[in-house]
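Q: Each chain, written out:
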Amino acid sequence: MQGFEYLKPGTISELKKDLSTPGARILAGGTDIVPKMRQGIFTAPVLVDTSRVGALDFIEDQGKEVVLGALTTHQKLADSPLIQNVNPALSAAAESVGCVQTRCRGTVGGNIANASPAADTIPPLLVYDAVMYLQSLEGERTLSLEEFIKGPGSTELNPGEFIHSVSFTPLQGSWGSVFIKIGKRSGMAISVVNASAVVFLDNDGLISDTRIALGAVAPTVKRCRETEKFILGNEPSPELFNNASEICRKEITPITDIRASDKYRIHSAAVLTRRVLEQAVEQARERKS
Amino acid sequence: MNQIEVIFNLNGRETKISCDPNKTLLDVLRNDLGLTGAKDACGGEGECGACTVIFNGKPVNSCLIFIGQVIGQNITTIEGLSLKGDYHPVQKAFVEAGAVQCGYCTPGAVIATKALLDRNPQPSDQEIRDGLSGNLCRCTGYNKIVDAVQLAAREYSNG
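Those protein sequences? They're chains A and B, same order as listed. What the first sequence shows, in numbering that gives the first Met the number 0, is residues 0 to 288, in sequence order. What the second sequence shows, in numbering that gives the first Met the number 0, is residues 0 to 158, in sequence order.
These are computed hints drawn from the structure, not numbers from a lab. Each residue gets a CB set at the ideal place from its N, CA and C atoms; glycine is no exception. Fair warning: there could be bad hints in the mix.
Listed below are the simulated DSSO-like cross-link pairs for lysine-lysine, each with C-alpha atoms no more than 30 angstroms apart in a straight line [stated by the list, open to error]:
hint, chain 1, residue 1, chain 2, residue 2
1, A, 63, A, 183
2, A, 287, A, 228
3, A, 75, A, 249
4, B, 15, A, 7
5, A, 7, A, 63
6, A, 16, A, 183
7, B, 22, A, 75
8, A, 63, A, 75
9, B, 57, A, 183
10, B, 57, B, 91
11, A, 249, A, 262
12, A, 183, A, 287
13, A, 63, A, 149
14, A, 183, A, 75
15, B, 57, A, 7
16, A, 149, A, 35
17, B, 83, B, 57
18, A, 7, B, 22
19, B, 143, B, 57
20, A, 16, A, 75
21, A, 15, B, 91
22, B, 143, A, 35
23, A, 287, A, 149
24, A, 15, B, 83
25, B, 57, A, 75
26, A, 249, A, 35
27, A, 249, A, 63
28, A, 183, B, 83
29, A, 16, B, 22
30, A, 16, B, 15
31, A, 75, A, 149
32, A, 35, B, 57
33, A, 35, A, 63
34, A, 35, B, 83
35, B, 57, A, 15
36, A, 183, A, 249
37, B, 15, B, 57
The following label-pair restraints were derived from C-beta to C-beta distances [as the list claims (entries may be wrong)]:
hint, chain 1, residue 1, chain 2, residue 2, range
38, B, 72, A, 45, 31 to 41 angstroms
39, B, 17, A, 255, 46 to 56 angstroms
40, B, 56, A, 13, 39 to 49 angstroms
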């Protein structure tokens with residue numbers, strides 16, 4: 000493996016300074032970067048290890064919003080009663096990542112920064128309209144998660160900039176929040192397709208708002224706005240969701256790769272869309288009664 | 000590349016080494032410290048779990064951890080389970096249940112089992128399978144490993 004200069008800041012201000020070193024790259028859990036560096040796919044003349052920056056490892060209920068520090072591990076997310084309560088989709092997604100060994104190391108900030116189209120934590124955050132909070136020596140800024148991710152492996156992060164946290168607003172009223180993934184097997188699987196949805200029901204049982212996101216079916220995790228528009232204002236029914244799953248097929252542009260063919264992905268995405276909507280409605284009805 | 004000094008707690012003892020920062024914990028355990036219990040089976044991709052060690056109470060793949068990340072942390076390897084000469088209840092259960100064939104995945108599976116039982120002393124079958132889903136075994140077909148975990152869980156609750 001190529002050599003690198005190793006820096007290990009202990010505070011956020013030290014992290015800002017170290018990351019401003021030319022050629023510096025950030026190391027969080029390392030579950031992606033370490034094998035990529037071994038294979039020479041990822042190189043860094045300077046590696047900034049964040050493992051001492053405890054101030055970025057937190058899950059906080061701030062009332063109006065729930066904030067996740069970038070260094071929150073998938074295991075911590077999966078184990079959090081707060082997350083199970085306010086974003087069951089995210090809780091399920093975090094639990095589905097890799098295996099316990101990788102969940103105990105991999106972080107939500109790392110998962111987002113990798114910007115994999117198949118990332119499991121992104122769809123449940125996208126359907127909650129999550130907001131990214133970025134910091135650097137120059138200052139700080141916020142932008143939506145949707146704006147943050149530009150393409151496969153590509154984000155809005157500038158050199159020297161890092162994800163401080165990601166936040167989302169808890170849902171109100173009669174809502175359901177679901178995540179489902181299909182992998183090659185049930186353990187240690189990267190998503191072949193994943194899907195997340197939130198659905199709100201009004202007093203008459205009609206769909207008053209909905210957001211749907213599909214992963215591993217486009218260059219980035221995809222919000223399916225046409226499908227959302229199609230079901231909005233309607234009464235949930237098997238027919239409605241079957242028709243919705245037909246519309247979502249046209250919103251996605253999957254590729255064929257080692258994990259699945261484009262046709263398989265389109266078919267699976269349609270099935271998952273129907274399932275996440277059905278389950279989200281079920282949850283919303285339970286909250287209503 | 001500047002060498003870094005790493006001090007950490009390994010199997011209950013303070014351990015100090017100087018090495019290049021691009022070494023993984025697995026490299027250092029096996030090549031610098033002579034602890035060859037943790038295995039490299041998948042080529043350092045974090046796919047197989049044969050290199051599992053316990054990092055501050057949690058199971059992790061030591062091939063995915065740069066050595067600098069363990070500074071000041073507590074690491075337990077398979078060698079640390081039988082320091083007093085007697086085998087750990089999980090090790091005994093693996094032997095008794097016949098959960099070992101070629102043995103290559105065994106240290107990782109034993110460590111993952113210990114981490115699971117420390118967290119959840121009475122796991123269900125599904126929880127056992129989830130807890131060991133990161134540990135590949137090509138010989139046993141897994142049933143005997145699940146038997147061993149159940150046996151160890153009974154030992155835990157009795158003792």
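Q: Which numbered hints are broken by the structure, listed smallest first?
A: Violated hints: 1, 3, 5, 6, 12, 21, 22, 23, 24, 26, 27, 28, 33, 34, 38, 40; rest satisfied.
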